[in-house]
Amino acid sequence: MKTVFGRRSLLKGAGALAGAASVGLPTLALAQAGPIRIGITNALSGPNAVFGEANVIGQRLVVAAYNRSGGVLGRQVELVVRDDRAQAAGGTAIAREFAGSGIEFLAGGGASTVAIAYCGLVQELKMLYICSTPGMAITHEAFNRNVFRFNPNAYSLFGAQGRALAERYPNVVKWGAITPDYAFGHDAARVFSNTVRQYHPKRASKEFDVAKPVVVSGTQMDFRPQINSLMNSDIEGLFIGMPGAPGISFFQQARAVGLDKKLKVMGETSGDVALIALGKDMPNNVWSPVFWPYEREPVKSNKISQQMLADYAVTTGKRFPNGHVLRGSIGLRGLLEGIKKAKTTDVPSVIAALEDISFESEIGPYTVRKADHAGMATLFVGNYNRVETEPFITLKEVRTVPELSVIETPSPGKEYIQ
Amino acid sequence: MHLFEWLFAAYNGIATGMAIFLVAAGLTWIFGILKILNMAHGHFFMIGVYVAFGIIGRHPESMGSYLLGALAAGVVVSALGYLTDRLLLQRLRNVDYHYVLIGTFALLLCIEGGVRLLWGGEVHTVDPPPELQGAVQIGRLFITRFSMFVIAAGAVVFLLLDFAIHRTRVGKLMQAVASDPWMSAMLGVNVPALLRISVVASFALAGFAGGLLVPLQTVDLTVGGSYLLLAFFAVIIGGLGSVRGAFAASLLLGVVQNLGNVLLPNVPGLAIYVALTAFLIWWPNGIVPPKGAHA
Amino acid sequence: MKPAGAASRSTPGKAVSARTPLVLGAVALAVVASVPLWANPGLEFIIGLVLIQALFAMSWNILFGYAGLASFGHAGFFAMGAYATGALLRYQIALPFPLMLVLGALIGGAAAWVIGIVALRRLSGIFLAVLTVALSEILRLVISYSKVLGAEDGLSNIPRPRIDLGLAVLDLSSSQAYYWFLVVTIALATAGLWWLLHSRYGRIFQVIREDAERAAFLGTNVARYRILAFVISGAVAAFSGALYAPWTRVVTLEEVHWLQSLQPMLFTLLGGVGSFWGPAVGATVFAAIGYYTRTYAGLYEVIVGGLLIVIILVAPSGVVGMYRKLRARLAARGAGGGP
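Sequence order for the protein chains is A, B and C. The opening position of the first sequence corresponds to residue 1 in my numbering, with each subsequent residue numbered one higher. The opening position of the second sequence corresponds to residue 1 in my numbering, with each subsequent residue numbered one higher. The opening position of the third sequence corresponds to residue 1 in my numbering, with each subsequent residue numbered one higher.
One thing to keep in mind: the hints can contain errors.
What the hints assert, rightly or not - Ranges between beta-carbon positions, derived for each pair:
1) B:93 to A:318: 47 to 57 angstroms
2) B:182 to C:145: 32 to 42 angstroms
3) B:95 to C:220: 22 to 32 angstroms
4) C:177 to A:34: 23 to 33 angstroms
5) A:262 to B:95: 51 to 61 angstroms
6) B:155 to A:262: 53 to 63 angstroms
7) A:364 to C:170: 50 to 60 angstroms
8) B:93 to C:117: 30 to 40 angstroms
9) A:301 to B:138: 33 to 43 angstroms
10) C:322 to A:390: 49 to 59 angstroms
Stated by the list, open to error - Quick list of in silico lysine-lysine cross-link-like pairs, DSSO-like style, CA-CA up to 27 angstroms:
11) A:300 to A:396
12) A:280 to A:264
13) C:147 to A:414
14) A:396 to A:126
15) A:300 to A:206
16) A:212 to C:147
To be clear, the hints were calculated from the coordinates, so they are not data collected in a lab. Please read all numbers here as calculations on a predicted model, not as lab measurements. Each residue gets a CB set at the ideal place from its N, CA and C atoms; glycine is no exception.
Between the sequences and the hints, there should be enough to build the whole structure, so can you do that?
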């Protein structure tokens with residue numbers, strides 16, 4: 001999926017911008033008339049590069065749009081983009097360098113470990129951090145006032161999915177989950193199972209059952225024993241918590257023995273970016289999070305969404321952006337709106353402005369919950385079906401779930417136990 | 001825990017073991033002959049996977065095109081292996097083996113970077129050919145046709161290799177060279193030629209294995225690393241240089257890994273490291289120790 | 001290092017004298033110590049990391065360059081020290097910081113001792129290397145299940161320590177202060193290692209490396225000295241990890257990944273295996289490459305891999321080896337009368 005903003009131009013852009021961020025020498029504080037600089041890190045190489053690059057494209061498009069209409073507070077916005085390789089050590093070094101050259105705003109983080117490391121650092125560095133990973137710790141154990149989360153976490157995403165599927169499939173009474181053995185996997189499977197139990201119309205009946213999730217190793221790629229056990233069970237609705245390549249392996253192996261036909265419905269975590277890799281092996285009835293349903297109402301008529309789509313097409317030459325573009329753009333949009341609202345780039349003031357902000361985004365109104373700095377909007381759960389022609393996948397149905405109805409109760413500073 | 005779970009784990013362990021063997025065979029052979037433990041072996045396997053993918057695409061039309069893809073992968077990788085030998089490995093023949101390990105690790109990095117530049121970081125899947133698709137149900141076990149093919153292929157490769165090494169003249173000469181190259185040269189054996197053949201054969205095996213196993217998992221950049229680790233262990237446990245040992249060890253590892261996941265479902269992935277540790281402590285030289293081994 | 005030639009004083013204009021390494025060393029130390037005064041905090045952070053990695057690599061080289069044993073799981077020791085101080089500081093356990101460091105080192109040394117007792121008698125070479133990998137992986141899995149140590153998310157928000165010296169409090173919260181603490185501590189540790197490896201022990205290690213059988217015949221208790229080397233190596237590695245945690249303020253499973261185990265090997269090879277300073281030189285060069293390619297996503301691996309291959313083919317004795325050859329060549333030219 002090479003784009004014009006592909007590796008090479010991202011490199012050039014990043015190189016030019018990073019060159020501007022001094023190498024090894026302290027910079028003098030820039031005069032207020034200079035650009036507003038925002039430091040971005042993400043996984044731009046390695047297995048998560050697809051998502052990292054999409055995030056960064058979204059961020060660049062938002063900034064370009066704001067700059068076209070005069071910038072923010074009369075100043076142009078400048079992004080300094082670097083590759084953190086999804087590693088906390090590398091990200092930490094980059095964040096410190098940003099801080100040293102006077103950058104006060106940090107966004108991104110190519111993995112949960114990076115994001116959590118940033119949470120622990122930003123108060124020391126006096127920066128404001130906008131997170132874009134789905135780890136729960138960001139608004140719980142690792143939380144502090146300098147951190148904001150502008151995209152749904154695992155709890156919201158898969159709580160929404162559990163609720164949507166429970167209501168949509170009242171006749172599926174036996175549910176189960178298979179999930180990888182790390183925090184995201186455990187959280188996703190647990191909240192899915194709990195919301196199915198909570199919302200299923202037949203939850204009181206004797207046949208209704210949600211089996212305990214089956215746990216697999218995080219690096220496992222061979223799921224045949226677990227698939228064999230599933231073939232021998234009475235589970236009809238399955239949640240698959242493995243993202244990316246392991247998830248695709250699962251679907252591939254499941255199809256080989258016909259598990260996809262035995263199951264009535266499947267929920268998974270990656271979305272069309274991953275499912276498209278299956279080609280003709282696309283299973284028939286899979287539900288995933290849809291971050292940006294730009295071809296469906298109400299998003300289709302959303303002016304901001306339309307503008308983003310147009311800008312995307314102009315900049316990359318492609319018409320079908322990956323939903324992760326929005327996971328980058330909404331966060332940055334929120335930050336810029338917060339700066340506008342605060343009428344200054346002074347970090348404490350922007351924090352105060354962001355804590356009860358409400359702004360229009362590509363997917364409708366976006367608000368922030370003051371207690372734990374969690375951003376919310378509407379969540380979309382999409383049903384992907386198989387078709388006979390390229391690319392073998394189509395989005396058949398989208399269910400809308402207001403994030404407020406499924407988001408967890410706030411517990412900033414403490415682990416969320418449920 | 002039901003009986004069928006154990007049975008399936010055992011079956012899947014054998015299938016996994018055969019896959020590991022297909023990778024480990026070339027690795028142990030090149031060690032036996034060149035005394036080089038090639039850390040980049042898994043990545044040459046990965047090149048084979050990508051080459052086969054490039055040729056047969058996502059949905060191979062027939063058994064024939066699938067096998068042809070695997071053969072082509074073998075040829076390409078053997079050519080690359082030959083070049084690598086001429087340019088790099090040859091110079092490392094008589095050097096401390098630590099340098100060899102680091103040198104082949106450097107090769108691994110270069111291959112990974114190269115594959116990423118050529119094919120990108122996306123994930124792909126490849127189907128088995130139509131003749132090998134689908135599954136049969138035996139009791140409560142759902143056995144895919146392709147896994148049966150892998151087991152058969154592994155067994156065939158092993159028998160052919162074993163025959164070649166122990167029953168043919170060339171094979172016996174190779175054993176001689178592996179055991180004592182100086183003496184073999186004294187006795188008139190064309191040692192450099194045999195070394196070259198061995199190197200080419202080892203890489204060809206890696207590439208061919210890549211092409212054969214391409215429908216077994218996703219095609220992506222992690223494929224090199226995951227197979228390397230298991231093949232590495234199999235070679236160590238089996239005894240460096242012994243194909244028979246590698247065969248036994250591969251099956252053992254496959255079964256341990258699968259049974260481990262059934263026994264300890266809450267700690268997936270641990271069993272194999274514990275088993276390896278225990279093995280190393282009790283049988284430090286492997287199942288079939290190299291001749292004159294003092295390690 | 002032996003003097004390059006007694007004739008240095010009587011041959012005017014000679015390019016390289018015996019004092020060169022000392023002068024170089026003093027200059028390097030001065031430059032390193034002055035970093036907080038002129039460098040961007042990002043660069044200061046990376047230089048601090050280089051110091052820690054250099055010590056880690058030197059600990060690995062005790063085993064490899066001196067005792068002739070390869071450990072492929074050295075990150076395990078590093079992680080033990082890092083998680084030890086990380087957890088102690090994070091949960092605000094009331095122990096003086098220097099004691100925490102010692103504790104970290106002791107944990108590493110103790111683990112090395114156990115492994116040494118069990119494994120070193122029967123294994124060496126490739127088998128020992130693989131065993132260390134397996135053990136390191138087991139440690140990684142164990143940590144990944146430990147909520148107390150942060151499991152998959154890692155241990156973050158580790159506070160920097162304050163050392164109570166009775167009369168005054170040494171506050172190491174600022175990056176500058178902790179950096180200087182690092183410089184002093186690592187310089188002392190390096191001096192200690194230098195003394196050790198140039199003493200009788202160092203010579204015994206080297207004898208065992210060269211020919212263990214002959215050493216045994218001469219009455220050396222080979223096993224005991226190997227274990228000693230292993231314990232010291234493990235302790236120093238853990239010590240470097242213990243210093244690492246408060247510097248980065250975050251410790252994750254990356255620290256115990258097998259790629260982390262490869263770092264000291266790469267640094268030592270690049271810098272020069274047969275020399276005490278090789279690992280430090282290698283660490284610096286690698287950090288420089290990483291720093292100057294940091295804006296180019298994805299090129300790092302190919303550059304590192306390519307560089308390693310070049311090194312192995314062209315200069316297997318590393319940067320220090322090249323320096324020595326250059327010195328020898330210049331000395332020969334000087335002694336031979338010159339052009």
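Outcome of the hint check:
no.	hint	in the structure
1	B:93 to A:318: 47 to 57 angstroms	holds (51 angstroms)
2	B:182 to C:145: 32 to 42 angstroms	violated (52 angstroms)
3	B:95 to C:220: 22 to 32 angstroms	holds (27 angstroms)
4	C:177 to A:34: 23 to 33 angstroms	holds (31 angstroms)
5	A:262 to B:95: 51 to 61 angstroms	holds (57 angstroms)
6	B:155 to A:262: 53 to 63 angstroms	violated (31 angstroms)
7	A:364 to C:170: 50 to 60 angstroms	holds (54 angstroms)
8	B:93 to C:117: 30 to 40 angstroms	holds (36 angstroms)
9	A:301 to B:138: 33 to 43 angstroms	violated (56 angstroms)
10	C:322 to A:390: 49 to 59 angstroms	holds (56 angstroms)
11	A:300 to A:396	holds (15 angstroms)
12	A:280 to A:264	holds (19 angstroms)
13	C:147 to A:414	holds (13 angstroms)
14	A:396 to A:126	violated (46 angstroms)
15	A:300 to A:206	violated (43 angstroms)
16	A:212 to C:147	holds (21 angstroms)
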